[in-house]
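Visitor: Work out the full structure: start from the sequences and follow the hints.
In order, the protein sequence lines correspond to chains A and B.
Counting from 435, one number per residue, gives the positions in the first sequence under this note's numbering.
Counting from 2, one number per residue, gives the positions in the second sequence under this note's numbering.
In short, the hints are calculated from the structure, not lab data.
Among the hints, a few may not be true.
[Claimed, not checked] Pulled from the structure, derived: some chain B residues nowhere near chain A, Cβ distances all over 10 Å:
1) Pro-36
2) Met-49
3) Ile-52
4) Ala-70
5) Val-80
6) Gly-81
7) Gly-86
8) Gly-91
9) Lys-164
10) Leu-172
11) Thr-195
12) Leu-213
13) Leu-222
14) Leu-270
[Said to hold, decoys possible] Short derived list, chain B residues pointing at chain A, Cβ under 10 Å:
15) Ile-59
16) Thr-96
17) Gly-98
18) Arg-102
19) Leu-198
20) Leu-200
21) Asn-203
22) Leu-261
23) Leu-264
Built from N, CA and C at the ideal position, the CB exists for glycine as well.
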Amino acid sequence: MDGTINGSLNMIGYGLAAIGPGVGIGLIFAAYINGVARQPEARGVLQGIAILGFALAEALAIIGIGLAFVLS
Amino acid sequence: MRRAGIGDALHLVNVAQAAEGEEFHAPGPGDFEFPPLFGEGTFFTKPMLVIVLGSLLIAGLFYLASRRASLVPAKMQFVGESVYGFVRNGIVGDTIGHDGRKFVPYLTTLFCFIAVLNLSGIIPVLQLPATSKIAIPLFLALISWVVFNYVGIRRHGFLGYFKNMMFPPGLPKPIYLLLAPLELFSTVIIRPITLTLRLTLNMFAGHLVLLLTVLGGEYLLVEKGGLLAVASVIPFAFSIILTFFEAFVQVLQAYVFVLLTALYIAGALAEEH
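Guide: Laid out in structure tokens, this is it:
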């Protein structure tokens with residue numbers, strides 16, 4: 435019980451960096467749900483767009499975890 | 002400073018049993034390094050085995066699906082046609098449109114290849130998503146990069162393609178100073194990089210999380226014992242839930258890769274607005 439914590443500070447940085455894409459992905463799916471609720475027949479069109487937006491927002495989080503492992 | 006709490010209470014319980022058990026090693030990038038399968042000096046590793054098995058599986062499935070093609074599809078033919086139809090109607094139809102017919106075979110192959118290599122991460126015994134090794138997504142992304150640049154240059158000519166990409170009409174002149182290099186950079190350099198990283202690191206991170214839950218549960222059960230052995234139910238339950246989640250993510254990432262490739266091809270083919 436010497437009070438030391440081992441590990442990489444990178445991972446805390448990554449956790450902070452993941453907040454942004456997390457909020458972004460939430461907003462994208464919120465908009466998608468809103469859209470489908472208002473106009474259920476547009477679901478097919480909206481789904482592709484929502485997943486595309488999700489993929490683009492998620493790329494930021496993914497680049498973050500890549501850098502968290504690569505930079506040390 | 003460790004906070005006194007339930008952890009310490011539990012620790013007291015099993016000090017007698019565990020008696021300084023082995024320390025827990027969290028999984029890391031080292032878990033993705035594999036020695037050659039057939040001893041030192043050979044080159045054939047586990048990811049390669051997964052690729053070979055996956056390719057054979059896809060080839061076999063599509064051979065069976067197309068062997069006795071008839072107007073009224075039998076079971077295997079139906080499976081093959083629904084995958085093909087999904088890519089043609091669900092991906093190509095919405096993005097490239099009618100011009101995209103000739104890209105459907107490539108995109109279907111890409112989708113099946115990525116999906117199978119991703120799903121190898123949750124298949125017992127194999128349990129390694131081969132796409133978590135960066136070489137495979139990198140190569141697939143480079144093929145897609147060559148394809149969309151090639152069809153763009155074929156359609157518009159070399160200068161026309163870059164003019165289309167860098168100078169979309171209808172903007173005030175000074176904006177182009179900023180826009181043209183950005184567009185060039187994003188299309189030629191960023192696109193293949195993000196395609197690669199998205200697929201690789203999704204599989205990498207997903208596999209890491211699964212490893213963490215399974216190894217953590219195993220550590221509690223085997224090394225710690227006592228009350229903590231009972232607590233190992235929680236990480237094991239999470240490993241099962243996360244396995245289903247991973248299956249979803251793996252198919253979704255294959256879909257995203259193919260969708261983005263189709264969008265890039267559509268962008269390269271598009272006329273000036």
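Visitor: For every hint, state whether the structure bears it out.
Guide: Hint check:
no., hint, result
1, Pro-36, "holds, 21 Å"
2, Met-49, "holds, 23 Å"
3, Ile-52, "holds, 22 Å"
4, Ala-70, "holds, 28 Å"
5, Val-80, "holds, 22 Å"
6, Gly-81, "holds, 23 Å"
7, Gly-86, "holds, 14 Å"
8, Gly-91, "violated, 8 Å"
9, Lys-164, "holds, 25 Å"
10, Leu-172, "holds, 22 Å"
11, Thr-195, "violated, 5 Å"
12, Leu-213, "holds, 12 Å"
13, Leu-222, "holds, 23 Å"
14, Leu-270, "holds, 18 Å"
15, Ile-59, "violated, 23 Å"
16, Thr-96, "holds, 8 Å"
17, Gly-98, "violated, 13 Å"
18, Arg-102, "violated, 18 Å"
19, Leu-198, "holds, 6 Å"
20, Leu-200, "holds, 9 Å"
21, Asn-203, "holds, 6 Å"
22, Leu-261, "holds, 7 Å"
23, Leu-264, "holds, 7 Å"
Hints 8, 11, 15, 17, 18, counting from the list given before, are not met by this structure.
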